[in-house]
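So the sequences go chain by chain: X and H.
According to the working numbering, the stretch in the first sequence is residues 1 to 803, in order.
According to the working numbering, the stretch in the second sequence is residues 804 to 969, in order.
Hints listed in this document are in silico derivations from the structure and should not be mistaken for laboratory results.
Keep in mind the model is a prediction, meaning the values are calculated, not measured.
One should not assume that every hint holds.
[To be verified] Here are the in silico distance ranges between beta carbons for each label pair:
1. X:T656 to H:K846: 26 to 32 Å
2. H:R874 to X:E158: 53 to 59 Å
3. X:A225 to H:D815: 32 to 38 Å
4. X:P777 to H:S823: 44 to 50 Å
5. X:R412 to H:D965: 24 to 30 Å
6. X:S47 to H:R874: 49 to 55 Å
7. H:S921 to X:R412: 58 to 64 Å
8. H:R817 to X:L24: 54 to 60 Å
9. X:H580 to H:S921: 54 to 60 Å
10. X:Y475 to H:I805: 47 to 53 Å
11. H:P822 to X:T656: 43 to 49 Å
12. X:R34 to H:D965: 28 to 34 Å
[Said to hold, decoys possible] Take a look, some chain X residues computed to stay more than 12 Å from chain H by CB distance:
13. H21
14. L721
15. R781
All residues carry an ideal CB built from backbone N, CA and C; glycine is no exception.
Single-letter residue listing:
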Amino acid sequence: MKLEDFRAKQAERAANDRELHEALEREFQVIGQRLRRTDGLAKSTGSAVYADDISLPGMLHAKILRSPHPHARILTIDVSGALALDGVHAVITGSDMPHSYGIIPWAREEFPLCLDKVRHVGDGVAAVAAVDEDTANEALELIEVEYEVLPYYLDPEEALANTEAPIHDPKKAGQNGNVSKNVHLEFGYVDAMMTQADVVIEGEYYFEGTTHTAIEPHCAIGYFAPAGKLTVWSTTQVPHYLHRELARVLDLDVATVRVVQPPIGGAFGGKSEPFDLEFCVAKLAMITGRPVKILYTREEVFYAHRGRHPMLMRYATGASRDGRIKAVDAQTIIDGGAYESFGLVTTYYSGQLITAPYTMESYRFDSTRVYTNKPCCGPKRGHGSVQPRFAIEVQLDKIAEHLELDPIELRRRNLLGPDSRTVNEFRITSNGFLKCLDLVEEAADWTAKYRRLPYGRGVGVAGSCYISGTNYPIYPNAMPQSAVQLQVDRSGRVAVFAGASEIGQGSDSMLAYIVSEELGVPLDYVRILSADTDLTPVDLGAYSSRVTFMCGNACIDAARKIKQQIQQAVAEEWLCRPKHVKLVGGWALNGLDTETKLPISEAFNLAEAKYGALGATGSYNTPKDIHGSYRGGTIGSSPAYSFTAHVAEVDVDPDTGFVEVGKIWIAHDCGRALNPVLVEGQMEGSAYMGFAEAIMEEHIFKETGLHNAPSLLDYKIPTSLDTPEMQSLIVESVDPEGPYGAKEAGEGPLHPSIPAIANAIYDAVGVRIDRLPFSPPRVWRALQHRTETERAGDIAPWKTDTQ
Amino acid sequence: MIEAIRLTVNGDTREVGVPSHFTLLEALRYVLGLTGSKQGCDKGDCGACTVLLDGAPTLSCILPVQEAIDREVTTIEGLARGDGPHPLQEAFDITGGAQCGFCTPGVLMSAAALLSHSDDPTVSEIQNALSGNLCRCTGYTKIYEAIELAAAIARERVALEDEAEE
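All chains, please: the whole structure from these sequences, using the hints.
In structure tokens:
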């Protein structure tokens with residue numbers, strides 16, 4: 001070795017030691033760093049294998065025949081023509097799978113293929129497996145279905161009024177079969193408080209339906225091995241529930257069914273329950289003995305839907321002269337579409353989730369979810385609470401206007417602080433909402449802009465709160481909500497087996513960061529194997545913003561068990577106390593003497609020699625003693641709540657009614673940002689999605705029950721040219737129960753976009769747009785109306801002093 | 804009907820049997836096994852299938868495969884040149900430009916075309932170049948960051964190569 005090489009090596013070693021020493025001073029090594037994802041390069045090089053990228057030898061392709069009628073009885077189905085076609089291997093209809101299923105166990109009312117009735121255009125009635133898609137499509141044309149067309153209802157109020165041909169049999173005798181769920185809850189004395197209020201604002205709001213529009217269409221592949229084992233690869237975000245329902249519907253032992261979830265090309269709630277294609281590929285694979293694939297067309301994705309429920313919301317809000325909320329009275333009609341989906345939960349959420357971040361002395365809500373003959377609505381990012389959040393935040397803006405208060409100040413006066421209870425008895429622990437308000441106020445230069453920008457330009461503010469998972473699982477059980485298994489290898493590699501569903505949000509990466517933090521291994525040394533029901537312990541799925549909180553805690557639990565063994569084994573070697581053995585940056589080192597160190601793999605080997613093969617399981621279960629003390633009080637109770645505030649700035653063209661959203665400032669309390677890059681990605685993606693619903697999206701139907709625009713051209717979602725600038729401001733309130741203090745970030749930051757934009761439009765041009773979307777014709781008409789009212793002398797022109 | 808055609812994809816020319824009604828996307832995914840290019844809509848609406856055809860971004864899901872004869876097709880699998888990830892791939896990884904990753908291959912091909920004629924694009928140029936690629940996860944913000952960073956990485960690589968030559 002040359003002298004300079006030796007010196008360089010010495011210097012490098014000294015630098016490493018210094019780095020390690022410094023690392024020990026830090027609270028975290030990995031957590032909080034701006035790190036890469038574990039799957040980033042696989043995705044950007046095209047090597048990630050999504051469901052439709054899977055092709056198995058001998059694989060057949062299947063297609064589903066769908067109803068052209070919104071409501072009809074199936075009289076006969078003749079599949080003989082299809083079966084006779086060359087290349088067709090099997091045809092199935094409803095009677096081949098006569099067991100109902102549903103994500104909510106006490107509302108199983110769907111069949112993989114309709115048995116006796118179709119309830120919306122696009123409902124599946126038969127499926128064909130053939131050598132290729134073209135042959136399968138040709139075979140569908142040869143199936144003859146005789147229908148008896150029934151009256152149909154596209155409007156929920158119409159469906160409530162008519163019981164002539166109910167969409168479902170009534171749940172109880174004498175009830176209206178078109179009612180899916182009604183919830184009526186009152187907290188405090190709303191009527192009394194309303195009479196005591198100095199100001200009562202009434203408003204009627206309509207939230208138009210929207211859909212998820214993940215860029216990847218739903219896809220599933222079924223394979224039935226000769227030994228009798230079924231495997232289904234699916235674009236599901238709930239492998240565990242799919243696993244259970246497949247076994248139930250197909251009459252299989254659940255132990256013989258395997259569900260594998262490949263990387264998913266977006267979900268947003270649109271893949272969070274079983275769909276017809278998963279049952280059909282499974283059944284067709286069982287019949288044919290061949291692998292069978294179904295890939296939805298984009299049109300089928302629109303008809304599968306399960307997206308945002310349209311809601312008609314009538315609100316009355318009473319406040320005292322100084323702006324304190326005395327009473328909120330909400331009546332909501334929810335358009336559910338043809339089936340239940342998570343409808344029971346949606347109905348509760350529409351009322352239960354708006355009781356923070358503000359105190360309110362009394363609150364009452366009455367929500368009714370109604371069946372209509374349209375594709376079923378379900379959970380879309382911010383399930384059930386995005387719609388009422390629009391209503392309440394605009395109501396607050398109207399109160400502030402009436403009381404001549406700054407709307408941020410009004411919100412500050414109604415703060416529900418940390419360690420508090422909501423009016424409906426939910427436990428709030430960490431709460432960074434005040435900080436969120438402070439940050440957006442400052443970043444947006446609010447005080448200089450509010451009511452001070454020239455006519456046509458304006459700013460609006462809104463806040464929100466969301467759950468980090470729910471305390472109670474969908475099917476009642478006492479087992480953990482999430483579990484992780486770790487396996488440690490002699491090379492220093494750690495494998496993580498987790499049921500969690502990576503849907504793009506970064507849950508695989510989150511688990512890798514935690515293992516790297518706890519066990520001191522470089523990120524490259526962590527392998528994640530997720531969402532395979534044969535290999536991974538149960539996690540309930542990627543919904544309700546539960547994964548980081550629950551699976552993260554389970555992972556910490558598992559990692560710390562192994563960490564303890566490693567510390568013990570190394571301590572025995574070094575004759576020191578276990579707590580002084582630190583696992584950092586690929587090393588085990590003595591915290592009191594950093595010269596004493598071992599490569600992490602050698603530390604693992606010491607532990608393996610002492611304890612045998614290294615592995616651990618960890619689990620997380622929710623607290624079961626914190627919820628409302630009333631029927632339904634468990635729904636919406638969460639171990640922790642996230643908080644968000646947005647300011648939106650808009651430019652409204654008074655000649656066209658076109659609203660351009662220039663910028664959204666997003667402040668979100670995620671507890672702790674395990675990786676700020678991923679948290680910002682969730683905040684920006686959420687705010688974008690809210691903006692899209694506010695300005696352009698409309699999941700609507702023609703009078704015939706046909707979808708108005710089932711394509712990515714005609715169903716408008718924002719391109720790069722439409723999307724506003726967004727600035728993420730992370731707030732870390734450090735939750736006492738979250739993993740390292742983390743809470744959710746994936747859904748909360750969507751909520752305030754819509755009311756913030758609505759309130760900004762008012763600030764810009766003085767019109768209230770209480771219906772979504774805020775499209776040019778609607779805004780233009782409102783402006784025309786205002787101009788007429790101004791001309792009549794009933795109101796003063798808007799913002800004359802800033803012109 | 805199966806047709807024998809010569810395709811040049813990612814620098815390799817080969818004769819393949821393709822059903823004559825296939826699109827270029829179908830030929831790439833189902834005949835050549837290049838599944839990096841994605842099908843999001845099959846109608847030319849979403850951009851997930853974007854490839855380069857003689858260097859120009861092209862929607863492979865609505866291009867009859869015969870149109871690709873005698874032309875250079877570059878897919879996401881051919882973006883890197885064997886000396887590690889392409890600057891765009893590196894940059895998307897660093898900035899979190901890919902979440903679900905399904906639009907990513909198409910976005911990267913559009914971005915690659917942009918960078919081939921603009922080594923320091925403005926955000927507005929980036930927005931225009933990506934206007935045919937729908938992303939549903941990111942709100943585009945981190946994609947812009949990624950492309951700006953990729954341009955910077957590429958400029959630095961060019962500078963280093965120039966230095967090495969001198």
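Hint check:
1. X:T656 to H:K846: 26 to 32 Å: For K846 of chain H against T656 of chain X, whose Cβ atoms are near 29 Å apart, the range 26 to 32 Å holds.
2. H:R874 to X:E158: 53 to 59 Å: Taking Cβ atoms as reference, R874 of chain H and E158 of chain X lie about 56 Å apart, which means the hint holds.
3. X:A225 to H:D815: 32 to 38 Å: Because 36 Å falls inside the window, the suggested range holds.
4. X:P777 to H:S823: 44 to 50 Å: 46 Å, holds
5. X:R412 to H:D965: 24 to 30 Å: Between R412 of chain X and D965 of chain H, where Cβ atoms are some 57 Å apart, the hint is violated.
6. X:S47 to H:R874: 49 to 55 Å: Roughly 25 Å apart at Cβ, these two residues miss the hinted range, so it is violated.
7. H:S921 to X:R412: 58 to 64 Å: About 47 Å separates the Cβ atoms of S921 of chain H and R412 of chain X, which means 58 to 64 Å is violated.
8. H:R817 to X:L24: 54 to 60 Å: 57 Å, holds
9. X:H580 to H:S921: 54 to 60 Å: 56 Å, holds
10. X:Y475 to H:I805: 47 to 53 Å: Cβ of Y475 of chain X to Cβ of I805 of chain H: about 50 Å, so the range 47 to 53 Å holds.
11. H:P822 to X:T656: 43 to 49 Å: 47 Å, holds
12. X:R34 to H:D965: 28 to 34 Å: Roughly 31 Å apart at Cβ, these two residues keep to the hinted range, so it holds.
13. H21: 27 Å, holds
14. L721: At about 5 Å from chain H, L721 of chain X fails to clear the 12 Å cut-off, so the statement is violated.
15. R781: Per Cβ check, R781 of chain X is outside 12 Å of chain H; nearest 29 Å; holds.
Violation of the numbered hints given earlier is confined to hints 5, 6, 7 and 14; the remaining hints are satisfied by the structure.
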